[in-house]
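There are 2 protein chains.
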Amino acid sequence: MREVAIVGAGMTRFGELWQSSLRDMFAEAALAALEQTGEARLDAIYIGNMAAGGFVKQEHIGPLLAGEIGMSGVPAVRVESACASGGAALRTAFFEVASGASDLVLAAGVEKMTDGADVTDVLAMAADQETEAYNGITFPGLYAMIARAHMERHGTTEEELAQVAVKNHVHGALNPNAQFRRKITAEQVMGSALVAAPLRMLHCSPVSDGAAAVLLCPLDRAKEFTDRPVKILASGMATAAMALADREDPAFLGAVQQSAQRAYDMAGLGPGDIQVAEVHDCFSIAEICCTEALGLVENGRGGEAARNGYTSLGGRVPVNTSGGLKSKGHPVGATGIAQAIEICEQLRGTAGERQVPDAKIGLCQNMGGSGASSVVHILGRA
Amino acid sequence: MREVAIVGAGMTRFGELWQSSLRDMFAEAALAALEQTGEARLDAIYIGNMAAGGFVKQEHIGPLLAGEIGMSGVPAVRVESACASGGAALRTAFFEVASGASDLVLAAGVEKMTDGADVTDVLAMAADQETEAYNGITFPGLYAMIARAHMERHGTTEEELAQVAVKNHVHGALNPNAQFRRKITAEQVMGSALVAAPLRMLHCSPVSDGAAAVLLCPLDRAKEFTDRPVKILASGMATAAMALADREDPAFLGAVQQSAQRAYDMAGLGPGDIQVAEVHDCFSIAEICCTEALGLVENGRGGEAARNGYTSLGGRVPVNTSGGLKSKGHPVGATGIAQAIEICEQLRGTAGERQVPDAKIGLCQNMGGSGASSVVHILGRA
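Chains as they are written, first to last, in our numbering: chain G, 567 to 948; chain V, 567 to 948.
To be clear, the hints were calculated from the coordinates, so they are not data collected in a lab.
Please note that the accuracy of each hint is not assured.
[Said to hold, decoys possible] Sample of chain G residues lacking proximity to chain V, with all beta carbon distances greater than 12 Å (derived):
(1) L597
(2) E601
(3) P629
(4) E634
(5) M637
(6) P641
(7) R644
(8) S651
(9) G757
(10) E790
(11) R828
[Stated by the list, open to error] What the simulated footprint calls covered on chain V by chain G, stretch by stretch (three residues with Cβ under 8 Å from a Cβ of chain G suffice, anywhere in the stretch; the number is not a length):
(12) 703–709
(13) 802–815
(14) 902–908
[What the hints assert, rightly or not] Some, not all, of what chain V presents toward chain G, calculated at C-beta under 7 Å:
(15) G620
(16) G636
(17) R644
(18) A692
(19) S758
(20) V761
(21) T916
Everything numeric in this text was worked out from a predicted model, so none of it was measured.
Positions of the beta carbon are idealized from the N, C-alpha and C atoms, including for glycine.
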């Protein structure tokens, strides 16, 4: 395999972007990534997107969005793994460059969620239609069951769940691209409206619009485009049973662990080498389960890690320095790419007030459904 | 790049499969492909699918379908480029094996179209929503405009359009997996109900259910799995303007030509080397335009080639020996993989009554929208 680098990155602000369409947002992110490198050609485009069909009645966004940035002709394909679509797009782009078939490949993600569709209904299509969605369960309900199981097994408290959101808002307040740039208190979280017990509104990531894009090329060409390339050290992916009821332990995200193990093996690294991580906190319980499955914290201690500062900026392994899905926002198809961009910022030393000092190795983990898909990338300063 | 082979293939019959769900069909095709090789492990799964969200309210089919064949854990991702989704899935699988990251990758396609959704509405999402679908145009309408332009420029006749369908039904009558295994006459085609002038019902591919799967591995391991591997000589893809109105000449499918040129360049071959081809005849005019853009027939002579036997079994370059989308059926996400399977059958010498004598090199071309995406693979006897 050829070694692969990320040489450019661009994203929109995440939020309720009423003035921007799907194509506007993609163009803003993609052109920003290209502009950073001074490059104007592409060999291929992969676009992570969960459900433009459901949200804005548009499938086949590959050629549509290639055309939007003046790149009609360039191969452009959509990749979908629900909320892990962005991570999956990065992975497919990585393989195309690694194979030697292409040099300049854009990995992007985009989602337009606020244009009128029933968001809960559309998102529920990421669960098992026959055994879950059809019977009325929604994602807050699924993650509430995961939370209940985690509390039961590990003694995790509602206050620890709240601390994840509090921490991520502290981080997100420092991120100019975040949807919610304000701190919140544990009291506010625990006093917010109950969505699906024990999860409350401020445990949940918001409905967001946004796009993000990174430009990949062979590592040996990276210096043509940037002084600060980031190397993709590894890509790991795994799936698990789609329906929560089919998993042995709902509080344990097996696909996350397996995807991480594959990435660690590929990179020849372990959790102890990770200096900064973006993980998939679609609900606060998800960050707890993911940090455990990634091996970043001890099993059952994810809640405590958020409370005692272990995963905060300044702690042993800062998690979700971007603000995470909770504070930065979660335009589902774009999230996996935005996570990679945050890690690139950290490794390039351009994360500003969110900078983890001298970060050399970072990890991003993107998840689909209630944990049925997980994609992990490990990035390193090149 | 590592050289890559196809070592197993499986598909369902195409048709109105009322007794089979999306997952049933995928499992039937995938397990047949695996059984052919005696292999029970996979490193990854790519699934071409246009719109399970629209058709059966199910996104995130990667983990769902991996689980259905007992492969939870294996990375499984959906790839979407409208009706070119199958071809795009084959291409991404090809890159993963070519990169050296994985050895055993399943490229599959599946679509369940007959379960109650408004098929025309769902398919229209493959056109430009803002400028085309929203204003009421559907795919028969778009291809009718392409047909009108082709008639105007090249003198193509309604009778020539009909001959494409007639030829493909002659072929399809020989294919046990085809949806319509019966011959039709030009008079029947020209007497069938008008859908969008000049296109009539029997110029149009049907609404179909079905699935198809091929197993890829490095060429140097192919003999572990089969005596008759098929080598992927090249993969080419291109896009064009999404909206028909944005193309200089609606009768010329630029993405098809560009994707073919890229594949020919990669393989070091030209149209004259192709002994058998599957091309995307979603409407009879599409086969005419595609055979021209692929260079298999002279520009403007696609209609004549269907009439005079040039593209029939026994002719210079038999096109759509499977029956094509018209007679074999067109479960949109599965089509690109089924095309590759037909070419594999031809190169392995297992095409039965449809066999092109001593076929060594074949091509398959899969298209999305009104020609905004095109994927070409050239396969060779290994």
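- Looking back at the hints listed earlier, which ones does the structure fail to meet? 3, 4, 5, 6, 7, 8, 11, 12, 14, 16, 19, 20, 21
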